[in-house]
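Protein sequence lines correspond, in order, to chains A and B.
For the first sequence, our numbering begins at 1 and goes up steadily by one.
For the second sequence, our numbering begins at 1001 and goes up steadily by one.
Hints were generated in silico from the structure; no laboratory data involved.
This one's a predicted model, so the numbers in the text were calculated from it and none came from an experiment.
One or more of the hints may lead you astray.
[Unchecked claim] Between beta-carbon pairs, the in silico distance windows are:
no.	chain 1	residue 1	chain 2	residue 2	range
1	A	GLU135	B	GLY1553	41 to 49 Å
2	A	ALA251	B	GLN1265	45 to 53 Å
3	A	THR374	B	GLY1111	32 to 40 Å
4	B	GLY1423	A	ALA174	32 to 40 Å
5	A	ASP176	B	ARG1457	41 to 49 Å
6	A	ASN401	B	LEU1299	20 to 28 Å
[To be verified] Negatives, chain B to chain A, calculated, CB over 10 Å:
no.	residue
7	GLN1265
8	PRO1385
9	PRO1483
Cβ atoms here follow ideal geometry from the backbone N, Cα and C, with glycine treated the same way.
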Amino acid sequence: MIVIVRRRRARCAALAGGCCALVALAGVGAASAGAAAPAPSVPTPLATSLQSGAGTWATLPMGLLGQPLNTFWQLFFRPAGAATWSDRVGATATATNGGLVLASAVGQPLLAAVRPSNLLRFSPLIATTDGHAWEDGLVPGGLDATPGALATAPGGRSLALVGGGAGARVLASAGDISRWTTLGTARGLAAAPAGRACGPSSLTAVALLAGLSSATEVPMVGAACSRPGVVGIFTIGAQTWRADAPVVPAALRRGRVTALSLRATEDGLTALLGVENGTSTVVVAAWTSGDGTKWTESPALVLSRGAHLDSFGPTDGTGSFVLSTDRGGVTSLATIDGPADGWGHLPPPPRQTATVAFDSTPAAATVALAPQGTTLTVWSLAPGGRDWTEAQILHVALTFNSST
Amino acid sequence: MPGMSTGLKTNNPTIVSALHTALLHQGLVVLLILAVAGITLNALRTLQFRGYARDAERPPALAQPSGPPEPAARRLLRISFGLLWLLDGILQGQSSMPLGLVPQAIQPTAGASPTWVQQLVHDGTTIWSYHPVQAAAAAVWIQVGIGIWLLAVPRGRWSRLGGAASVGWGLVVWVFGESFGGVLAPGLTWLFGAPGAAVFYCAAGALLALPSRSWATPRLGRGILRALGLFFVGMAVLQAWPGRGFWGGVTRTGGTGTLTGMVQQMSQTPQPHLLSSWVASFETFDAAHGWGVNLGAVLALAVIGAALLTARPRPVRIGVVAAVILCAADWVLVEDFGFFGGTGTDPNSMIPLALVCVAGYLALTRPSRAVADAAVPIRVPTVAPTWRQRLVTNPGYAFRFLAAMAAIGIVLVGAVPMAVAAGSPNADPILATAVDGAPNTLHDAAPAFTLVDQHDRVVSLAGLRGKTIALTFLDPVCTSDCPIIAQEFRQADALLGAAAKGVELVAIDANPRYTAPDYLVAFDAEENLSDVPNWLYLTGSTAQLQKIWDSYGILVGYASGGAMISHSDTAYVINRTGGLRDVLDADPGSGSAATRSSFAVTLADTIEGAMAGSSGS
Chain A
1 MIVIVRRRRA RCAALAGGCC ALVALAGVGA ASAGAAAPAP SVPTPLATSL
51 QSGAGTWATL PMGLLGQPLN TFWQLFFRPA GAATWSDRVG ATATATNGGL
101 VLASAVGQPL LAAVRPSNLL RFSPLIATTD GHAWEDGLVP GGLDATPGAL
151 ATAPGGRSLA LVGGGAGARV LASAGDISRW TTLGTARGLA AAPAGRACGP
201 SSLTAVALLA GLSSATEVPM VGAACSRPGV VGIFTIGAQT WRADAPVVPA
251 ALRRGRVTAL SLRATEDGLT ALLGVENGTS TVVVAAWTSG DGTKWTESPA
301 LVLSRGAHLD SFGPTDGTGS FVLSTDRGGV TSLATIDGPA DGWGHLPPPP
351 RQTATVAFDS TPAAATVALA PQGTTLTVWS LAPGGRDWTE AQILHVALTF
401 NSST
Chain B
1001 MPGMSTGLKT NNPTIVSALH TALLHQGLVV LLILAVAGIT LNALRTLQFR
1051 GYARDAERPP ALAQPSGPPE PAARRLLRIS FGLLWLLDGI LQGQSSMPLG
1101 LVPQAIQPTA GASPTWVQQL VHDGTTIWSY HPVQAAAAAV WIQVGIGIWL
1151 LAVPRGRWSR LGGAASVGWG LVVWVFGESF GGVLAPGLTW LFGAPGAAVF
1201 YCAAGALLAL PSRSWATPRL GRGILRALGL FFVGMAVLQA WPGRGFWGGV
1251 TRTGGTGTLT GMVQQMSQTP QPHLLSSWVA SFETFDAAHG WGVNLGAVLA
1301 LAVIGAALLT ARPRPVRIGV VAAVILCAAD WVLVEDFGFF GGTGTDPNSM
1351 IPLALVCVAG YLALTRPSRA VADAAVPIRV PTVAPTWRQR LVTNPGYAFR
1401 FLAAMAAIGI VLVGAVPMAV AAGSPNADPI LATAVDGAPN TLHDAAPAFT
1451 LVDQHDRVVS LAGLRGKTIA LTFLDPVCTS DCPIIAQEFR QADALLGAAA
1501 KGVELVAIDA NPRYTAPDYL VAFDAEENLS DVPNWLYLTG STAQLQKIWD
1551 SYGILVGYAS GGAMISHSDT AYVINRTGGL RDVLDADPGS GSAATRSSFA
1601 VTLADTIEGA MAGSSGS
């Protein structure tokens, strides 16, 4: 009897063991499927607009936006004083699936860099002063996916962010847009005392701040900091980094801060900061008119819970706009003019609006650019107006499957 | 698993035709093997007859008994799995197997498995992707060979060896074809075929490989049934486990439940309407009564498992009948017979599982006493005959021996060409032919050009006289085809080995905007071409380039809406005397590792042909 009982126990143990093994196998599979991702920093959408001497430029995606290789970024241009827009993306002469990054400065041509996509690893770069004739250059690396990855200054110097993530590099050009040298690296910043306080997870923006004490501009680099409450804005020179950042309001010091954009103006530098505080995204504008040591911060622009940034960029001078869409698909457009102002809200732009464009002329209308498939609808909002009116429809001939 | 799909349609006529040709040629060899085996058998029988006629009384030492009858359980396994292997071999001959098996049947299972499984499967199936025709044909003959082996050789050492062969090939199929039956992927369930049909082929093969004495007592049957009982109980626990999507026909968010989704997918497989309507009806039923269906499955699996675990004839009989019914229902309503759709390689797991269950029952209830008796060594005073003596004196042994030899020969008909092909790191050139067609021969003088290279040095066609030239046209800011073509040129250069010293790889800029050497340098750096000594990337003014594009028939044009420059993907081979010898359509298609390698082999072969032709002239 004892022997029989033992045998039965052994069978039960074998049965239980077998079942446990099977369940463990299934559990392994289930566990691997549910791994949690780290909390993201504030995204930096590429759709934006800016003004150059020749007119207003805007870049946005069109086509089948769910398919990266059938998403084609366009370059729309409205000459100064004109009312209608036209597409100038043909000047890039390459596939724009990865996006376009624009930069301009007073008296300087517009720079448009093509972000790498598919098998392309570097960024063709073109420049124009009038929107018709183009000069060619290249950035010897893949330009980062942030609208602040390219900057130029009145003197002709330019900066570019390439590589992305921990391998990001800051490249500098003295004027020839095909010749670049490395000014600094993300690893260098992370190792520097100034960078350690920030814990940069990525470099996000560059700008050339007109120097007060010297004739040459000061290169500035923005970063997304992994340490809460720390703003990552640095000046870089000869492989040395110095933190020159504003302080975020006390209520936001638990959030991770991303320098969304840095923009040199005639008066100094305008920065847009995105703060992810876990439940919502907050945008703060900051200005410095000096050497980067004294800053003025705007009130916080709190996006509704679950809302995402669609676009941000300059309005005019020191002003900025922020376009966002909430969970319900309602688009909001907020603007701020300068250090002395607060955020104001324009009437909600039409659905599908990818970016908006402003004009330095006081009486000029604000424009919303709303693409859908191969059609771009241009909406116009008169100064002080309440309703957006359809101003223009453009049909863009996209060559689907040409990048596959 | 990027790089595995060739991007070709599975019914590509070039590949299908090549498969049919390979099967026809190899089929003739198989017929020859069978004919030789038949003639040899006939000759041996003649010898045996003459021997009988010469010796009125046979010597006692050579008197061979016909042997004990084969146990019923073993016979069931041998014949049924022999037929299954034959069916599987025939299914492997379907037209879509060479190009469809990996992306449509193997990748989906492997894709859900852990990374190391994906890598292992990727490494194993690279051979298939690189040599799809040889691999598909090999799978046909290996499985047909094993099937014939099992069917034709009922007992003895050669029969057991057939079982071992079944285990070996079954393991290959289980690991590389079924990604370990998906047991390491999430969503493991008996209903979908876990732990993979090949496991049961292996189990059956292992049983067939056992010595005859193993079948003499009910012990083997008990072991089989208890193992199956444990398996069924484990599967019941897994099926009952909450949170795996089986307890509802639809999810809370309105999506389909796991089983409903699977059945829905199966119902969309190309198959006769009657069958798809059955599956679709079950899908509807499960969507409405998902909880009840799962409860039924859990209870059925648990009860069957418990019955088999008893290893007693009466409950086992009930359990086996229930298992066969459940397997048949699952086979029809969930697995959808398993072999439709063009890339079905076997009837899935339910049939082999049911067969092993029945075999276990037979082994328990009908052990072969005759085998047991025969297993007792009989002391014969004379010397045992050698295999040669048995061959000429024992007709049964001669048949088994020759049948096994013929089966091994059939397996080798598939395996040997595959092994030879697998020894090469390069893909079969037929893939490039399938993508772009075969190279065309030309007999014109190559249009002259003088341009600058990536280092600003002037280069002319006349200056390259004496070298064989592989010429193409590449856009330095191209995002898809041009980098792939450049890599194919680089691989072709490596394939040429020492002969590459006499070859120049030349690309001419095919973008009218980006004509500065800076772009060529950036492209070379991107594609690791900077250190290839015989690589020249040429450019010039747009007018110069346009003239050369025209002279070589290259169409270059701006495309609208943010698309890259469109241009012809063409490669020329120019011989040492400046004559255009071959033109290749260089469109790289999907640019998978297999097609890249295949195009490189084609280009290298064409260059070598041009070099040989030049030296001949």
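Outcome of the hint check:
no.: 1; hint: A:GLU135 to B:GLY1553: 41 to 49 Å; result: violated, 31 Å
no.: 2; hint: A:ALA251 to B:GLN1265: 45 to 53 Å; result: holds, 51 Å
no.: 3; hint: A:THR374 to B:GLY1111: 32 to 40 Å; result: holds, 33 Å
no.: 4; hint: B:GLY1423 to A:ALA174: 32 to 40 Å; result: violated, 56 Å
no.: 5; hint: A:ASP176 to B:ARG1457: 41 to 49 Å; result: violated, 22 Å
no.: 6; hint: A:ASN401 to B:LEU1299: 20 to 28 Å; result: violated, 51 Å
no.: 7; hint: GLN1265; result: holds, 18 Å
no.: 8; hint: PRO1385; result: holds, 45 Å
no.: 9; hint: PRO1483; result: violated, 4 Å
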